[in-house]
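> Chains as they are written, first to last, in my numbering: chain D, 1 to 111; chain R, 1001 to 1113.
Note that these hints are calculated values from the structure, not bench results. Be aware that a few hints might be false.
In silico lysine-lysine, DSS-like type, Cα no more than 25 Å apart, as pairs [what the hints assert, rightly or not]:
| no. | chain 1 | residue 1 | chain 2 | residue 2 |
| --- | --- | --- | --- | --- |
| 1 | D | K71 | R | K1100 |
| 2 | R | K1002 | R | K1067 |
| 3 | D | K14 | R | K1042 |
| 4 | R | K1100 | D | K57 |
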Amino acid sequence: DGGITQSPKYLFRKEGQNVTLSCEQNLNHDAMYWYRQDPGQGLRLIYYSQIVNDFQKGDIAEGYSVSREKKESFPLTVTSAQKNPTAFYLCASSNRGSEQYFGPGTRLTVT
Amino acid sequence: QKEVEQDPGPLSVPEGAIVSLNCTYSNSAFQYFMWYRQYSRKGPELLMYTYSSGNKEDGRFTAQVDKSSKYISLFIRDSQPSDSATYLCAMSGPTSGTYKYIFGTGTRLKVLA
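Excised from the complex, chain D in its bound form (with noise of 0.2 Å):
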């Protein structure tokens, strides 16, 4: 079945701690996204990768860094740094501009 996996689906971290969420698809799509989903604020755009080895910030960047080694795997690391990182987390692929799917999401909780 093709599709977008996302692992784990619940992570728990301690304040101050960075954490990594996957990210896999296998339906060939060149483009990869991570958002960001928040109760009565809807879907907030983090990173985005066209191609691999090439990505750009999103709306939220700050706080998160990502990597594109390969065309199936976007991971996103959410750092120390961001100073509200509890939240849903989805990840999503696409070919240029075409429709969007995504992955059941990562709910991250620091506490």
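Dock chain R against chain D, hints included.
For chain R alone, kept in the frame of chain D given last:
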């Protein structure tokens, strides 16, 4: 002005009703239009997508795009309690050499049995 406006609801309808969900947008460069269904604590699921103006039907769902009015709609016929979810509209178009995706904030729908 936001690029996409979507009524947050909640919208409550009886089972079997026809549901109309809508979004307006401001950027005439948008070319692809999408509707997603999102259940609580799950990722958004792509329901419908259309390119440019017109209608598209898939089972109980119909998506309409009116580019002249910058208005898109999703109709759900014979609504079921399992349709209770948040519905997100989205659109994409070329911006400065890349494709930009913009999402509405979602409309919460409750279908009452």
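> Against this structure, judge whether each hint is valid.
Tested hints:
For a cut-off of 25 Å, the pair hint linking K71 of chain D to K1100 of chain R stands: about 20 Å separates their Cα positions. The hinted pair formed by K1002 of chain R and K1067 of chain R meets the criterion: a straight-line CA distance of about 17 Å does not exceed 25 Å. Proximity of K14 of chain D to K1042 of chain R is assessed by CA-CA distance (about 24 Å); at most 25 Å being required, the pair is judged to hold. Between K1100 of chain R and K57 of chain D, the direct Cα distance comes to roughly 12 Å. Compliance with the 25 Å bound is thereby established for this hinted pair.
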